[in-house]
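First to last, the protein sequences are chains A, B, C and D.
Note that our numbering gives residue 194 to position 181 of the first sequence, counting from 1, and the numbers run on in steps of one.
Note that our numbering gives residue 458 to position 457 of the second sequence, counting from 1, and the numbers run on in steps of one.
Note that our numbering gives residue 218 to position 150 of the third sequence, counting from 1, and the numbers run on in steps of one.
Note that our numbering gives residue 387 to position 191 of the fourth sequence, counting from 1, and the numbers run on in steps of one.
None of these hints come from the bench; they were simulated from the model.
Some hints could be false.
[As the list claims (entries may be wrong)] Stretches of chain A that chain B covers, calculated by requiring three or more beta carbons in the stretch to come under 8 angstroms of a beta carbon on chain B:
1) 87 to 97
2) 106 to 114
3) 172 to 184
4) 265 to 271
[To be verified] Now the in silico label distances, taken between C-beta atoms and shown as ranges:
5) B/P297 to C/F135: 25 to 35 angstroms
6) B/A213 to C/L257: 33 to 43 angstroms
7) C/I392 to D/K364: 35 to 45 angstroms
8) A/F69 to C/R314: 45 to 55 angstroms
9) C/L257 to D/F372: 21 to 31 angstroms
10) B/K503 to A/F69: 48 to 58 angstroms
11) B/L489 to C/G144: 50 to 60 angstroms
12) C/A115 to A/L96: 54 to 64 angstroms
13) A/L96 to B/P71: 41 to 51 angstroms
Note that CB positions come from ideal geometry on N, CA and C, so glycine has one too.
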Amino acid sequence: MKKNAQNAGIDEVNFNDSAFKVRLKRNLEILSNVLANPTTVLGLIIVILMLAMAIFAPVITEPNTPDPYQMPRDWKAARSAPLTPGHILGTTNRGGDVFYGVVWGARTSLKLSILVVTLTVVLGVIIGSVAGIVGGKVDEILMRIVDVFLSIPELIFALAIAAILGPSFTNIILALVIVFWVKYARIMRAQVIRIKQREYVDAAKIMGASKLQIYLKDILPNSFSPVMVQATLDMGNIVLVGATLSFIGLSEAGIAEWGVLVSEGQAGISAGRWWASTFPGLMVFLWALAFNLVGDGLRDVLDPRTETKR
Amino acid sequence: MRNILIVAYSILLGLFLTVGVNAQTIKNPGVLVHAADDEATTLDPAQVEAGEGGETVILQVYDRLLEFGPSGPELIPGLATTVPSVENGMISDDGMTYTFKIRKGAVFHDGTDVTAEDVKFSWDRIVEMDLPEGQAGVISDIVSETKVVDDYTFQVILLEPSASFLNSTVVSMAASIVSKDAVMANGGVVEGEPNEYMAQNAVGSGPYKLKAWNRGENILLDINENYWGNKAKLAARIEIGAEPDVRVLGLRAGNYDTIETDPSFVADIEGADGVTLHTGGLLLEPIHVGFNLNIPNGALPKEDTIPTDFFHDPRIRQAFNYAFDYEAFLMGPLAGFGEFNPHYLPIGIFGHDPDAPRYGAQDKAKAEALFREAGYWDNGFSVSVITEEANLFADAALVLKDSIEGLNPNFRINVLAVAEAVFDEAHAQNPVEYAMWVKNADPFADPHPYMSAYQHPDGEWGEVHGFANGYRNPEKIAELIDGASTELDVKKRAAMYSELQKMLFDDPMWLITAQEGVTMAYREWVTGFVHNPLWPRPSLRFSYLGK
Amino acid sequence: MQIRDYIIRRLMILPILIIGTSIIVFALTRIGGSPIGIYLSHEMSPAEVQEMKERFHLDKPVPVQYFYWIKGVSQGDLGWSGVASAPVVDVFPKKFAATMELAIAAGIVAVSLGIAMGTFAGARRNKISDHIIRVVSVSGASMPLFWFAILLLIIFWVWLGWFPIGRSDPNLFEAIPHPTGFYTIDALLAGNFSAFRDAIWHLILPAVALGYGATAIIARMMRSSLIEELQEDYVDAAKAKGLAERVVLKKHARRNALVPTVTVIGLTFGFLLQGTVVAEIIFRWPGLGRWMASAVLRGDQATIMTYVMFTSILFLFVNLVVDIIYAYLDRRVVLGD
Amino acid sequence: MSPDNLDIQNSLDKDLIASVTDLKVYFESKQGMVHSVDGVSFDIVDGEMMGLVGETGCGKSVTARTFMQLVQSPPGVLAGGNIKFRSKNIKNGSQVIDLLDLSENQIRELRGERIAMIFQDPGKALNPGLTIRTQVAEVFQEHRENDVLEKAGLKNKLSGVTEYFVKKYIKQEAGFLVTTLFKIPPLSTYKKKIDSGINRLVAEALEETQIPNPTKVMERYPHELSGGMKQRVMIAQAIACNPDLLIADEPTTALDVTVQARVLDLIKELQKRHKTSVLYISHDLSLVRRICDRIAVMYAGQIVETGDAETIFNQPKHPYTQGLINALPSMSHERGKLEAIEGIVPELIEPEPGCRFVSRCMRRKANCEEIDPKLKPISEVNKSHKVACLLYEA
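Start from the sequences and build out the full structure, keeping to the hints where you can.
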């Protein structure tokens, strides 16, 4: 295994296409290992269902006009129980169709998590790489900033930012980006430094590859797996934190978002109106659970710490 | 390790299970537990804001010269032994001088006697301190001079005759009588500076004494055994800051005796075991949508496309009034508990004319015609409405959004539901930098404060929001409001308000969504339940209640 | 020696982190504009607003405000909390004790449950019970606390009536003095058993709700480090001595597996601390988190600033202590061969 | 009959301490079953030092661990065979048992008591978190509670419940509660006595392996000791109960060259003094020749040749053994010109029939790829020299 990895490194610098095969083979191997774990498969199935629901939301339910991310409100049918005609999962206190909220909430969550994960990964990878490659003072300063960011618990930090920016969905995205990028910067920097020290990068240097080439061909692809594990876990966590912010009241009024729906619906639970918060709450749970299971499974496979030794 | 844990757990479990709760027995005997919404900010009558949590406590621990009785707007004696009237000679014929006989034998919680000197001191104190958050204006706007005639006689001379002095000034929480000795011993009176002692303690003469204030948790009140009137039957505990649903759950579980709620929770309470829902009567705090006729250039949010003089056109204001889905708001958020009341004079206030024309029902055709006439139908517009992230305000804003957007897809309403402080700050700007907002009014017992604050072109809000730019006939409206305030002839006064309502239908400055119905919930074991919306929220006097 | 150097290095970084945090926090709150809103009411006129601004120095330029703030903070004046209607410093200690009591109780739940679950799963790697535990513990990490807490509340408070909400029975709470602010400790100090029972009784639901989420962090770490330890030679060596499986697991493998697990206690603490915001809202726990939540909704910036500032300093210190403990515990790493 | 084929029932040649017959240990993997040990048979003569030699990964360590049922399962699978063992110092005399048939509790009684093991890397085989004393003490606590009582001066002085709990405490069977009770008076006096008793036993054991200053050493943690010292501790721990069979799994590989010789001498000396039988596992043929009486050569999960150390060395029969010996630096070859065996060890996943060595064998025949060679005596004369190779089959 180790030999393979080393060969792969040299091959890549030589721009041999066998590198691709080696990596493909390794990825297939990883994939089969991931799929060997039943809980990971369970997670994967839920993830796929969730994504399908988010993507096909306009097909599943008629989009609300003019803004499909707003709940359609049938004020006069407020507080209808599930299985009411036209409201299969019932309605909220504001007459919002819970089913619509569940379906479009998946889309909202997907939008939220994809946006935040993409932005944080890009931001974190750039900053972490710069710190790791440039090193010295730049590294020192960047890492101190990262430390400062990491010293504030994430939900509290996001809560404070979102509170100060004012309640809106965009501000939640902004707050989460500000909070979540640091992890990637840290992971990336550690990876860069670790890989920089490996022999095959030295070999590449000897062969005269430029810094950028080494970065693009060796460091970046090799840092992929820890970033991917973190990104997968964050796909779940971001929705969890985002929903918590919404629950506390920092999202837009009337938006089709699970946290907002739970918050709206919690008041009715005592009167037996369990549906308005149960279904959306369950969705948040399933969403986070699914991504956590998959991320956990990926980590087990990709993280050598838990690999069997014998 | 495992053994000891198992042992420990089972011991703990055993202990707790023995404390099983029997739902049938009265919980917390001897104490009335009320679950409130807001934390009090201050307990000082000179500092408290109208409608704020501290008023709940001030109502119970302080006395005023007069009080609203348990039912409706009639006045009953408080520390004054009689309600002044022209007939009993305690109001001078010119309506300028009011005389109050102070009750002998009333004592403050610190043991000192209540005298006319204390009354004068209390009234003068709030005017002298003149705190921005307080309600000094309630007295200073109307009172010219206070006099101690003798130890037990107090006299007030007004600036001009007022029809609303007794109903809005004397009974106000701001006019609560405090112990002069206690104040002078603890910081005295300093202009513009809050009195820290008074903010946290209460030395009044009311049926309750303040026992403890555990911020964020509860306020404990003890029975005042030396009260001059009917003693309270129960000690009281005000539980602070529980979420609405927790309050409902607590009530159902019997942990709370009375809770504050709003109509959107009625369905949660109806039919619950051992719980009585009190409905009927209306709150006097109309929930309104405001129109800004004084928008500064370039101040509006980026999404807004309206011109700054958008609401100067009465047809636009009328169109909004026609477009709003009143029924949706009443049947949805208010769950049917309330009344259509598209006027700023609430039902239940003197001068409200039930026969005056009103909006009350959505009329899309008329709204469309008016928008077309004003020239906005084809191109549409986008406008932001700012509101507090509180249930009913946000609900009203959303109903507005749904109503307007449902009328024409080119119309866009952006609901900005912001933190209370953010809203307060935005709303306190002069001029306000938003075109529309949703909030409620303060309750008053007399029509004049409503009219002067909310409709008068030069009134508190009329000035800020530039009503003079929009009224078809601002002088006539100003004249009517001013005239009605000094008119002592009841019939004439009523006619003037009736005319005002007709004019304001044609020339609306607000969109009044509905008048919220009173909904209170309490355990069946609470006896003597009475509720008066003229008392500060939650509109309960604990001293009347038993269990 | 190495441990000492390490601690000194960490301590030297600490002030930088704290100052950095203070700048971030201050900058943040000022992005949102002036914090005057919390002192205002719907009905204040612009002139009255100006008066309020002067009272709180908010009419001055921002850098001057920062100076006022830092000066105030260094003198123990953290500003006026509009939510609590009192100076922040006055309210803080009581609320802090309440939150810490809850966080520690939840921590006990999380640590004992997490270690038990992690050990159980790690010792049965890839068996069905391992998968079940994994789903249970990952569920904890994925469970929206706001939802889970409400479910617990409904079941155990409303339906069964087994547990109360809030922090105490007010009468019992009033009956004892509160030198520490920790209700349980105060009750013990006062020798009042019913107050102690009351304290524990109120703690259980929020501690379980809050602790369950953190269980996953610990269980996951415990499991993987136990698996790692179980593959070490010394485990076989211990078995080769004839020791019982139980002794090998607990005395040998688990003890060493606990060392890396210590490192996640810092993480867990952060998790619990931020969870208190939600748990305290729902269980009506009069602590910092609930205070923060209302501050957020009402725009009370003095409270938000203090809370974020304080939480991060606390978090930093806990992590420092954890690192020191770890460095001390793990002889292999710092002083190893 | 040769000793190897004799013991189908619970019987064992009188001069043998243990006999392995057709042992098969497989490992589950995603690619299939790995046949790590595939039909291994050999004997260990009582009091002798038996060498098990082979390359890394040939299955010798697995074979050794199987003696103590230390192969993790899963992924390990015991696919067949048995290990007969004569347990001597048992109350009712000696007794022959099959080590693979024993329950967990039965094998535990033997581990450390009758069969002990020295591991390759003492740095890893000692628990880094416990003191030397604690670790060595465990052997006595587990198997010698009466000795502990005696040294503690508590023998025959206890009765009833106290005795019960003291014994439980010594054997580490007491729960959290009882253990805690022993830390506070009045039970803490017992704890003190027991501790000092254990200390004396541990010190004696350490002294046995020539560790200087044992009372000081035993308070140390493993990382505070040198590699040689750690291995001495391991040895002390292994021989503490005077076992019948000592399995030494490459005990000197991880040590410095200078230390290796001394540790080796120590093992040899102890073996002689206690007349312990030793199964010495190593990849180093010359080292094994120096100290062992007999040798078994293992290749790819199978024994390819077994016999007296000298015979194997002087007259190697199997091509692999020959290759190994040729690879050794010796007088007959020029310096620096070692003959390495070509090729690599074959994959052991679901192996095909046929000789495992065939791909590397210089002398392979046509049918070597089809027929599994059996381990057979080389001649009627020397029955103890056996080889598994078609070259020698009639």
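Now the hints, each set against the structure:
no.	hint	result
1	87 to 97	holds (count 4)
2	106 to 114	holds (count 3)
3	172 to 184	holds (count 4)
4	265 to 271	holds (count 3)
5	B/P297 to C/F135: 25 to 35 angstroms	31 angstroms, holds
6	B/A213 to C/L257: 33 to 43 angstroms	20 angstroms, violated
7	C/I392 to D/K364: 35 to 45 angstroms	37 angstroms, holds
8	A/F69 to C/R314: 45 to 55 angstroms	53 angstroms, holds
9	C/L257 to D/F372: 21 to 31 angstroms	27 angstroms, holds
10	B/K503 to A/F69: 48 to 58 angstroms	55 angstroms, holds
11	B/L489 to C/G144: 50 to 60 angstroms	57 angstroms, holds
12	C/A115 to A/L96: 54 to 64 angstroms	58 angstroms, holds
13	A/L96 to B/P71: 41 to 51 angstroms	46 angstroms, holds
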